[in-house]
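Asks: Here is how the chains run, residue by residue.
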Amino acid sequence: MFTGFDFDVIWRSLPYLFLDGMVFTVQLTVLSAAGGIVLGTLIAMMRLSSFAPLSLFAGGYVNLVRSLPLVLVIFWFFFLIPWVWQWVTNAPRPVPVGAFLSALITFTMFEAAYYAEIMRAGIQSIRKGQVGAGYALGMTYGQVMGYIVLPQAFRNMLPVLLTQTIILFQDTSLVYVLSITDFLGAASKIANRDFRPVEMYLFAAVVYFAVSFTLSSLVRRLQTQIAIVR
Amino acid sequence: MIEIDNISKWYSDFQVLKGCTTKVAKGEVVVVCGPSGSGKSTLIQCVNGLEPFQQGDIRIEGVSVGDRRTDLPKLRARVGMVFQHFELFPHLTVIANLCLAQMKVLGRGREEATKKTMALLDRVGLKEQAPKYPGQLSGGQQQRVAIARALAMDPIAMLFDEPTSALDPEMINEVLDVMVALAHDGMTMMVVTHEMGFARKVAHRVIFMDKGEIVEDAPKEEFFGRPRSERAQLFLSKILQH
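Protein chains in written order, with my numbering: chain A, 1 to 230; chain B, 231 to 472.
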């Protein structure tokens, strides 16, 4: 069945695929997940704020971002950020920010909208009495959030946050539109250079599947381990 | 020490508190009782500003709770509160539950906070449970930890919001024992409860509320001996019958 295919090309390109491609993919995933969760948590707190302008802004942001295709946002940011940077720094012309930084900012801001919804559900899952108990002990809003609500919300939501991060891991492949060499980009370049698209794309699919599936299984196991004793 | 001055509170159109006025003196134990929905829990939650109110004022050692300029966290740190559902922090051990506010609010060092914590846990008979998580304790034990947590802040007064209502019957006494001991130590206490045995034993005054009003506010002997209002008589006959 596989006559005419050359799977040796995979073996030969492994260092490039993983040391260049996968390292980039993992970096982008981890950094934008971390940034997205921090930003998303802030947006969730804003959205739950009783101060209307804050909650309206946060709600608008989340709804806007979630209604846009990711590829469009990636493109849009890549061309927009240089102009914004020019405006911020008062530079004479648009400042190119580099594909990686552009992708990182895009993914952080895009994923923040999704993480925000997860954290919002997490914060709302904490009983109101917990907040009251914190206030009754003399804590400020920041302390109640930081020591009582968010740690519990984060733990309750960790499996969902990680599942979203697995989706992010797959979504980072969309940076190919900026001709960045992520894992899929690397595979694609080899495929074009050596005319081996079937082998390379098959291999890429197997790797994405293996990584995602392994992580999902880990999340499922983690779920039972981190549950708060009640 | 606690002055509740003509406070009223509305949930949109519904008035939950109607011009409630009373005082709790230093060292006094005041029990607040009444049928469910009478506003007694709301009243006690207003005392440390957990529930806002629209009219009147509450002063704790002269500091106004209703005044926007009042540093509420600072005021609350001096008033202990015990909740119906304990509200221990489930993600923290018993020690951490007691140490958290001591360190973050009062600025005590870990060593000092831990020392205080262990002394208080000893006092409520739960020293061995210190490294456990709240979920591993019984309801009665959790409520005793919650009392210890409030005491760790060296409060000038303690508020109890139905502290035994969520407990299984066999655990009520272990919590009441701690509260009785506290009363005997001279702690200023305001206690919302249906435990009339507790009221008879340690209360100085009993407040009876119905439909958001303070119907009766009398010394214990008077309240149990010959309640003036019909509503209090009816309430007492209902809960003391069995």
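Treat the hints as calculated values from the structure; they're not laboratory data.
A couple of the hints might just be wrong.
[To be verified] Heads up, simulated SDA-like pairs for lysine to any residue below, C-alpha to C-alpha not over 25 Å straight-line:
no., chain 1, residue 1, chain 2, residue 2
1, B, K441, B, A411
2, B, K334, A, T140
3, A, K189, A, V211
4, B, K450, B, M417
5, B, K362, A, L80
6, B, K362, A, W85
7, B, K450, B, D440
8, B, K253, B, E400
9, A, K128, B, K253
10, A, K128, B, K256
11, B, K304, B, R338
12, B, K256, B, H434
13, A, K128, B, G296
14, B, K304, A, R155
Asks: Work down the list of hints and note, for each, if the structure agrees.
Replies: How the hints compare with the structure:
Simply put, K441/B and A411/B have alpha-carbon atoms about 32 Å apart, too far for the 25 Å limit, and the pair is violated. Between the alpha carbons of K334/B and T140/A the distance comes to roughly 10 Å, so the proposed pair stays at or under 25 Å and holds. Restraint check for K189/A and V211/A: satisfied, since their Cα atoms lie roughly 21 Å apart, inside the 25 Å limit. Between K450/B and M417/B, the direct Cα distance comes to roughly 17 Å. Compliance with the 25 Å bound is thereby established for this hinted pair.
In summary, the hint linking K362/B to L80/A is not supported, as the alpha carbons are separated by about 53 Å, beyond the 25 Å threshold. Restraint check for K362/B and W85/A: the C-alpha separation of about 52 Å exceeds 25 Å, so the hint is violated. Between K450/B and D440/B, the direct Cα distance comes to roughly 18 Å. Compliance with the 25 Å bound is thereby established for this hinted pair. Restraint check: the Cα-Cα separation between K253/B and E400/B comes to about 33 Å, which exceeds 25 Å; the hinted pair is violated.
In summary, the hint linking K128/A to K253/B is not supported, as the alpha carbons are separated by about 28 Å, beyond the 25 Å threshold. Distance check on the hinted pair: K128/A and K256/B sit about 31 Å apart at the alpha-carbon level, beyond 25 Å; violated. For the hint linking K304/B to R338/B, the alpha-carbon distance of about 15 Å falls within 25 Å, and the restraint holds. For the hint pairing K256/B with H434/B, the CA-to-CA distance comes to about 12 Å; that is within 25 Å, so the pair holds.
Restraint check for K128/A and G296/B: the C-alpha separation of about 21 Å stays at or below 25 Å, so the hint holds. Proximity of K304/B to R155/A is assessed by CA-CA distance (about 30 Å); at most 25 Å being required, the pair is judged violated.
The structure does not agree with the numbered hints 1, 5, 6, 8, 9, 10, 14 stated previously, though it agrees with the rest.
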